[in-house]
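Asks: Here the protein sequences come in this chain order: F and X. Once you know that position 174 of the first sequence is 174 in the working numbering, the rest is easy, because the numbers rise by one and skip nothing. Once you know that position 96 of the second sequence is 96 in the working numbering, the rest is easy, because the numbers rise by one and skip nothing.
Since the hints were derived computationally from the structure, they do not count as laboratory data. Computed from a predicted model, the values in this text were never measured in an experiment. Cβ atoms here follow ideal geometry from the backbone N, Cα and C, with glycine treated the same way. Any given hint could be a false lead.
As the list claims (entries may be wrong) - With a Cα cut of at most 30 Å, we get these calculated BS3-like pairs of lysine-lysine:
#1 Lys131(F) - Lys53(F)
#2 Lys51(X) - Lys84(F)
#3 Lys172(F) - Lys53(F)
#4 Lys41(X) - Lys53(F)
#5 Lys23(F) - Lys53(F)
#6 Lys42(X) - Lys23(F)
#7 Lys37(X) - Lys51(X)
#8 Lys53(F) - Lys84(F)
#9 Lys115(F) - Lys41(X)
#10 Lys87(F) - Lys51(X)
#11 Lys40(F) - Lys41(X)
#12 Lys172(F) - Lys87(F)
#13 Lys131(F) - Lys51(X)
#14 Lys42(X) - Lys53(F)
#15 Lys130(F) - Lys84(F)
#16 Lys115(F) - Lys53(F)
#17 Lys51(X) - Lys23(F)
#18 Lys41(X) - Lys131(F)
#19 Lys41(X) - Lys51(X)
#20 Lys115(F) - Lys37(X)
#21 Lys123(F) - Lys53(F)
#22 Lys130(F) - Lys87(F)
#23 Lys87(F) - Lys115(F)
#24 Lys131(F) - Lys115(F)
#25 Lys40(F) - Lys51(X)
#26 Lys131(F) - Lys87(F)
#27 Lys23(F) - Lys172(F)
Said to hold, decoys possible - A few chain F residues facing chain X, derived, Cβ under 7 Å:
#28 Ile7
#29 Glu44
#30 Gln48
#31 Lys53
#32 Leu58
#33 Phe61
#34 Lys172
What follows is each chain in one-letter form.
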Amino acid sequence: MQETELIQSILNGQTADFSQLVKTYETAVFRIVMGFVHQKEDAEDITQEVFVKAFQSLDRFAGRSSFSTWLFRIAIHTSLNELKRRKRRTLWSMAADLLQLPSSNKDPEQAFAQKTEQELVRKAIDTLPKKQRMAFILSRYEELPQRDVAQIMEISEGAVEQLLLRARDNLKNFLQRP
Amino acid sequence: MKKETDIENRIEQLIREERNTEPNPYLSTRVMAAIAKQQDKKAGLLPMFLKPILVMASLTIVVWLGIIAGSAYTSGSTEQATVLTNDATSENFAFYLQTEKEE
């Protein structure tokens, strides 16, 4: 069944057909959300919220863009809203994340150092300005071409390129700090 | 000063790790369950609104039936039948007793 037919069928009351769309896009949405929140459980919760929102507003999907573009926009906005809500993350959960060792059998000291290092890179991504972060995540986490990123962000391809260059510079500046 | 490639590698490593994180295999089931729950909640809203309306309607019907029943009642005079019985004409029990005497 074509995507448009599938959407029409869902709108006609065949709710179960929505599971096909979920199965097609869950990994992509999860990856984008993961780029914003960096935590599996949070990313799963937000991914669920994204699909529930998409289902609720499916009748407002006009088909001017592709379904994936529309869905990824919802994913970005939901992630940003969630981040705003969780801005004041408790010190405890941050400490727990930092101390959570990876399951690989590396030397604990090395694993801790890597974890701290990763935390720093995460922080660098999180401190990027909103538009740069959006472009960076779509381009690097979901590996979307600049044309698709431009469509999702409703800007020109040139603007996406500029955002990506600035994001790269900002990340380098952040990580080069002593 | 750290090399650019080193920084790029660190970023790439994190992205690779996060990209390789697999979502729960039951995520789609979870999503569909959440949607079904939302729909149930939506469907449950109608009876919630209807409940007080139904209670009011039932009360109105009961009161209305009471008024109808009350209005239909007419205090009709009960007909008093007087039976005049003349004791003299009553059957004489002696008649039944006669045979006994004859024996």
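Asks: If a hint holds in the structure, say so; if it does not, say that too.
Replies: Hints versus structure:
1. Lys131(F) - Lys53(F): Holds: Lys131(F) and Lys53(F) sit about 22 Å apart, inside 30 Å.
2. Lys51(X) - Lys84(F): 39 Å, violated
3. Lys172(F) - Lys53(F): 36 Å, violated
4. Lys41(X) - Lys53(F): This hinted pair holds, its Cα atoms lying about 15 Å apart.
5. Lys23(F) - Lys53(F): At roughly 16 Å apart (the allowed maximum being 30 Å), Lys53(F) and Lys23(F) satisfy the hint.
6. Lys42(X) - Lys23(F): Cα-Cα ~25 Å, so holds.
7. Lys37(X) - Lys51(X): Within the cut-off at roughly 21 Å; holds.
8. Lys53(F) - Lys84(F): 18 Å, holds
9. Lys115(F) - Lys41(X): 43 Å, violated
10. Lys87(F) - Lys51(X): Outside the cut-off at roughly 42 Å; violated.
11. Lys40(F) - Lys41(X): Within the cut-off at roughly 28 Å; holds.
12. Lys172(F) - Lys87(F): 24 Å, holds
13. Lys131(F) - Lys51(X): 49 Å, violated
14. Lys42(X) - Lys53(F): 14 Å, holds
15. Lys130(F) - Lys84(F): This hinted pair holds, its Cα atoms lying about 12 Å apart.
16. Lys115(F) - Lys53(F): Violated - the C-alpha atoms of Lys53(F) and Lys115(F) are around 34 Å apart, more than 30 Å.
17. Lys51(X) - Lys23(F): 39 Å, violated
18. Lys41(X) - Lys131(F): With Cα atoms ~36 Å apart, Lys41(X) and Lys131(F) exceed 30 Å; violated.
19. Lys41(X) - Lys51(X): 16 Å, holds
20. Lys115(F) - Lys37(X): Violated - the C-alpha atoms of Lys37(X) and Lys115(F) are around 38 Å apart, more than 30 Å.
21. Lys123(F) - Lys53(F): 28 Å, holds
22. Lys130(F) - Lys87(F): 14 Å, holds
23. Lys87(F) - Lys115(F): Holds, at about 21 Å.
24. Lys131(F) - Lys115(F): 27 Å, holds
25. Lys40(F) - Lys51(X): 43 Å, violated
26. Lys131(F) - Lys87(F): Roughly 18 Å separates the two Cα atoms, so the pair holds.
27. Lys23(F) - Lys172(F): Answer violated: Lys23(F) to Lys172(F) is near 36 Å, above 30 Å.
28. Ile7: 15 Å, violated
29. Glu44: 6 Å, holds
30. Gln48: Interface hint status for Gln48(F): holds (5 Å vs cutoff 7 Å).
31. Lys53: 10 Å, violated
32. Leu58: 11 Å, violated
33. Phe61: 16 Å, violated
34. Lys172: Hint on Lys172(F): holds, closest Cβ of chain X at ~5 Å, below 7 Å.
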